[in-house]
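Could you put together the complete structure from these sequences and hints?
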Amino acid sequence: MKIDISYGSGGKQTSNLINDIFLKNFDNEVLNRLEDAAVLDIKGRIAYTTDSFVVTPMFFKGGNIGKLAICGTVNDLSMMGAEPRYLTAGFIIEAGADSEVIEQIAHTMKIAAEEAGVKIVAGDTKVIEGNGNVYINTSGVGEILKEGISIQNCREQDVILLSGNLGEHHAAIMSERMGIENNIASDCAPLFSIVSDLLENKINIRCMRDVTRGGLATVLNEVSESSKCRVEIEEPSLPVSDEVKGFCNILGLDPLYMANEGKMIAVVPPEQAEKALEIMRNNHYGANAAIIGRITKGTGVSMTTVLGGNRMVDILYGEGLPRIC
Amino acid sequence: MKIDISYGSGGKQTSNLINDIFLKNFDNEVLNRLEDAAVLDIKGRIAYTTDSFVVTPMFFKGGNIGKLAICGTVNDLSMMGAEPRYLTAGFIIEAGADSEVIEQIAHTMKIAAEEAGVKIVAGDTKVIEGNGNVYINTSGVGEILKEGISIQNCREQDVILLSGNLGEHHAAIMSERMGIENNIASDCAPLFSIVSDLLENKINIRCMRDVTRGGLATVLNEVSESSKCRVEIEEPSLPVSDEVKGFCNILGLDPLYMANEGKMIAVVPPEQAEKALEIMRNNHYGANAAIIGRITKGTGVSMTTVLGGNRMVDILYGEGLPRIC
Amino acid sequence: MITLQQITRELKEYDGREIKIMEVCGTHTSSIFKNGIRSLISPKIKLISGPGCPVCVTPSVYVDKLVDISLKENHCVLTFGDMMKVKGNEHSLTEAAAIGGKVKVVYSPLDAVKIATEDANTQYVFAAVGFETTTPIYGILIDEIIKKQISNLKILTSLKTITPALTYICENEKNIDAFIAPGHVSVIIGCDAYKELAEKYHKPFVVAGFEGEHILAAVYEIFLQLKENKACMKNMYISAVSDKGNMQALSVINQYFEPKDDFWRGIGVIEKSSLRLKPEYFQYDAGSDFDEYKESPPKGCKCKEVILGRISPAECPLFAKQCTPLSAVGPCMVSAEGACGIWYKNRGRE
Amino acid sequence: MITLQQITRELKEYDGREIKIMEVCGTHTSSIFKNGIRSLISPKIKLISGPGCPVCVTPSVYVDKLVDISLKENHCVLTFGDMMKVKGNEHSLTEAAAIGGKVKVVYSPLDAVKIATEDANTQYVFAAVGFETTTPIYGILIDEIIKKQISNLKILTSLKTITPALTYICENEKNIDAFIAPGHVSVIIGCDAYKELAEKYHKPFVVAGFEGEHILAAVYEIFLQLKENKACMKNMYISAVSDKGNMQALSVINQYFEPKDDFWRGIGVIEKSSLRLKPEYFQYDAGSDFDEYKESPPKGCKCKEVILGRISPAECPLFAKQCTPLSAVGPCMVSAEGACGIWYKNRGRE
Amino acid sequence: MCVAVPGKIVEINGSTAKVDVMNNTCDVNIKLVQAKIGDYVLIHAGCAIDVLSKDSAEEILWMFKELEEEVHDNSSADH
Amino acid sequence: MCVAVPGKIVEINGSTAKVDVMNNTCDVNIKLVQAKIGDYVLIHAGCAIDVLSKDSAEEILWMFKELEEEVHDNSSADH
Ligand code: SF4
Ligand code: SF4
Ligand SMILES: [Mg+2]
Ligand SMILES: [Mg+2]
Ligand SMILES: [Mg+2]
Ligand SMILES: [Mg+2]
Ligand SMILES: [Mg+2]
Ligand SMILES: [Mg+2]
Ligand SMILES: [Mg+2]
Ligand SMILES: [Mg+2]
Ligand SMILES: [Mg+2]
Ligand SMILES: [Mg+2]
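In the order they appear, the protein sequences are chains L, V, Y, A, G and H.
Read in order, the letters of the first sequence are residues 23 to 347 in my numbering.
Read in order, the letters of the second sequence are residues 23 to 347 in my numbering.
Read in order, the letters of the third sequence are residues 96 to 445 in my numbering.
Read in order, the letters of the fourth sequence are residues 96 to 445 in my numbering.
Read in order, the letters of the fifth sequence are residues 1026 to 1104 in my numbering.
Read in order, the letters of the sixth sequence are residues 1026 to 1104 in my numbering.
Hints listed in this document are in silico derivations from the structure and should not be mistaken for laboratory results.
Possibly wrong hints are sitting among the right ones.
[As the list claims (entries may be wrong)] Derived BS3-like pairs: lysine-lysine, alpha-carbon spacing no greater than 30 Å straight-line:
1. H:Lys1043 <-> A:Lys199
2. Y:Lys199 <-> Y:Lys322
3. L:Lys319 <-> A:Lys199
4. Y:Lys197 <-> A:Lys242
5. H:Lys1061 <-> A:Lys243
6. A:Lys242 <-> H:Lys1090
Right, dumping it as structure tokens:
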């Protein structure tokens, strides 16, 4: 069934859409009450974030826009040392979208939310004119398990860990768009279990950040800028699969600027680096984790290349290729 | 300056947009840290909600999409008896939008947030292809001041109050679209001060709801359904300005189904109805408040008409006219 | 002077033989519902909604054609909001828009001139539906198209006239006792139009305005006439309706349009019951001549019986079961002025 | 066998007279940056980025024309991603898209065939930029257009050839000591093309691949030749580059294209330095003949000096001040292969 | 579908008039009527289709008077 | 802009071939080359522009050998 503009009127059709798809999938006692706002059972300090998701195509190897919308927000909460608890979901649906497609997205969200241990407690649906695209905003709140984790916190000598291979989400999306066949799947995943493993093992995490839009280069430049330090990384230590390398060669892409949706960096004190690496590697989502560099005095991000040369790694300018997350 | 697709890349242009417009206007120490998630200072039980805003035109008499995005979410929190505290803002911008327009929207949001006493502590910006429209999602958290206010709570004999004139937001938007000249301004406003006045005066509020998309008819049907009761209203007591009546006559609209953005209903015990009415009327945003009906046994919403007849007031089917909030 | 209270008391207390009054105009149907008129009168006085909702009687092939046009490359359909939800044999215009059709809702046919002038690359087609009230406005539109030499704007007509439909009902439906004649159609055609009918078929015809008071007064007038076994045309909308109608508007109609047989959804073909552009203006017509009306009425739908006042909507076995506003079986359930839809929205009233 | 370590040690320790080596090809420029080659060699060995970034040398009127086309009703420009950000005199294609222009990024010129076939109502224009590497592919595209009788697809060409540009530099810029010849252009034109130049101007010409090792080896080869005062053409990309080039590709070029004088942004007109469709194929051309190149170089921009190796980007007074990738004054700052942009992204390296 | 609303002409420019409906002003085509500033017209789909001779309140009074008379006539006929 | 990447032909259908680049398969036009299944070709903008005669590792070894010889020649010339 095609969604037309009347599904956004706020009347009977809107409420049918909400009942048949969203309540059915997101089913929980808070959401089901359909109040103006959800009432939450939460303790301690709270982390709070939002992201919108506008990916094309909406379905790809390894996930869909719904999985992204859950993992993206769950991961932003996790990066602040918080346990993700509750999400909201706002759908902006272009007329012409298939209700079956929306149902599939909602079902994926249900499963992803279950894995991540979060409940979707409030939602909203709007229909706009267009070509059947679906845009999703999620916001999330979590309980902070450890205070003081912050992008402003990195200190000289700290070590930077990356939880796994670069570029897989970006490559999966671009493969669909460009009609290139491969087995690259989006790495889209909830990262809280890695965070919780690190915290349980008393790793004194300075800062964490998930590596999304803008890629590792952007995240490291943010670290450098916020912590007022230089970030030095080693190109040979960057984990990238051969398949992604081949893919990048075809399109002239650089894994440093490619989006992931299930990767994070963690900055830790040097004496805990090896232990943190082991913990990451023992986690299902951190199997290919690596130590990729360290914090020094100065500004900017520099990289020792495979040939032993040295260059700067700046942030992304303009837009290399159409958006992928 | 026109926003093009590269402003959504996550690179330098995205961060310039965020710095120059959003951080400048929303400026607060939590947001400015630019962490993956904000860390909140909040106590007690929490109310949590979200809404997306897709109104055309984006600017209208009495406000713009930015003011709606703040008031809408602040009001949903208020309706649960919560004091609104923190918001997130997710912008989905169609390529072709003017940065000056976005700046103006952000500036309005700043002012509305100040009036409502909330801080925007997390945000997100995406750029999609399109014709320069801007879509905004906000989510909000608030501290619950009084527990147990719920749409499921209404009891027989309870009295229904409406905080003011119907249809003004809807009429303002449609006037712009249809080129009809009048002085009707959107009623878009934050309603927490009314709620707080009622609570401070110990009104034992059963349920509140802001009257938005779908209009009063939809809200009352929701009350009927959630509280398993009949809602009976009196047409002569419904406050509608003459100017809005004239406007409705021209386009064949019915104020019962028209959206407001600064009106609410409150259901209160019969013995407190007059007092509650007085409190509402003493509030700047409740000057035209009225007692419009009561809760009885049964189902559905019925209305005594001006002529003394009786009819049912069903929810909206399909979409009368293009969307306005 | 009699008071509203007196009228309603008398109408409410009536307990004689069942009286069936047909309000022909959809806007009356809507006003009766909104004012709760039925609750103010005796159940023995039945108000029946006649074929005066243009949306209800427009054949589905007409909607099909609009849908096709909307889906054609560089074409756009202009329409009143009311037509958006009506199903053709496959889609409504709302659904057409969802699958990529171009459809724009306008307030006035004359808005089309500006829209078409501003976008010369799109072929616009105005969905010209309505009764005599609206037809002269389409005449003015054609006038403008000619004067301004607009080459990318045509109309697709489904324009009904009310007297042939009334004659048809008077001939075929003996169970209707009286008629509330349409107010705004009468502004154009004048109330003399009903004099002959009233006489020939010996039925009261009361021309009424649209306020609740107008309708109650008209019902009461009919009530009085029937009591006396009178059958007069009575104009109770004298502020707007004259004997001869709006001559200026009628001459615009006569300039551009001529009567043709036409198909009424739910009823069938009625002789000379529509207005079509005259042959000399065919270049402004987007193909309004339909060879055949593939109208098998939806299975189980009793629209015809409802429109002709033989049954009330609630007596249709599909009503509020398979047939609801969101899954309408017949057009009477989907239009804002359709009897079944209005009945549905009023369900649950004790 | 010599090792990479030996090569880099020697290149790093060099402290003789300043050597200026021009890498002509933008892809080399990019690889030099990505591999950090400059950090591996002595500052006395200067690597200078020549005019081999097609984006940098494409005249702004060409971009203007693309922008105009994208904004025309029912027109769409197809382009490689690289061209999106380059400014014309007013807008870039990215900006054109933001104000309603239709622009589509494709991976291969041959994708255009499918796109145009699927949407017959849009006139597509492919932004055919590039050097000899890409020109034969446009030849194949024209071939397909003819065979499949595609009427809604044309190309707008700005196709440069490398030897006239090299001759121009050898004639006019005495300060360049040697050249790294482009790898993939040479695949098509063959390395014999540089023998004559090497001899005539007594400069080493080394054909190199694109790995870091390729480039270091080429620099070392040049270093050795200069040390011995030799000036040979040396092909160090033997896996791909032959003496005569790809004869099949060259014959496709000759079938559809012919040499013309052309304007190089930052340099000026160079004789016979471009390929245009032959007159018999003009129907597939979207208007590539520009009468005049209104190219006043942006005020203060030293692009010409940079491209010709007279100064390094950092010596331009606007560099990293008024001129940054987001507010580029010259095209060399905006292209991914432009010297100024690459210099900018590498700023802050000690 | 034949919804119409009364409004007062406040300005005339050729065949278009500005009409006021309870403080809402809209442009209305007046080719179908002979109307002057100050007239009340009936507006349907952007066109004035009639010049009104009474206002609504007046008309309703008139109706009730008429009905009174009829009732009176009838009841006297009864006797 | 003249970025090109080597890949191995795994399938040929007329003038189009499926080419494998480190487990990424894409369609490539092969009108500009004489290539058969198993050949390594250089792909630029969706077209094979060359059949490669060596692989990259081999070529790099060859370069270093060549340079060794030249250095040797030069130094012997020095003496
Ligand atoms: S209820 Fe539905 S099926 Fe029955 S007559 Fe009415 S429209 Fe037809
Ligand atoms: S830095 Fe900018 S202004 Fe200076 S030469 Fe380079 S592109 Fe031109
Ligand atoms: Mg609400
Ligand atoms: Mg976030
Ligand atoms: Mg995020
Ligand atoms: Mg909502
Ligand atoms: Mg993040
Ligand atoms: Mg909400
Ligand atoms: Mg809301
Ligand atoms: Mg974000
Ligand atoms: Mg009159
Ligand atoms: Mg070869």
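Hinted pair L:Lys319 and A:Lys199, Cα distance within 30 Å: 44 Å, violated
Given hint H:Lys1090 paired with A:Lys242 - CA-CA distance at most 30 Å: 49 Å, violated
Proposed proximity, Y:Lys322 with Y:Lys199 (alpha carbon, max 30 Å): 50 Å, violated
Distance restraint between Y:Lys197 and A:Lys242, which requires alpha-carbon spacing of 30 Å or less: 35 Å, violated
Restraint status (C-alpha distance of H:Lys1061 to A:Lys243 at most 30 Å): OK: H:Lys1061 and A:Lys243 at ~26 Å, within 30 Å.
Satisfaction of hint between A:Lys199 and H:Lys1043, Cα-Cα up to 30 Å: This hinted pair holds, its Cα atoms lying about 25 Å apart.
Comparing the model with each earlier hint shows violations of hints 2, 3, 4 and 6; every other hint is respected.
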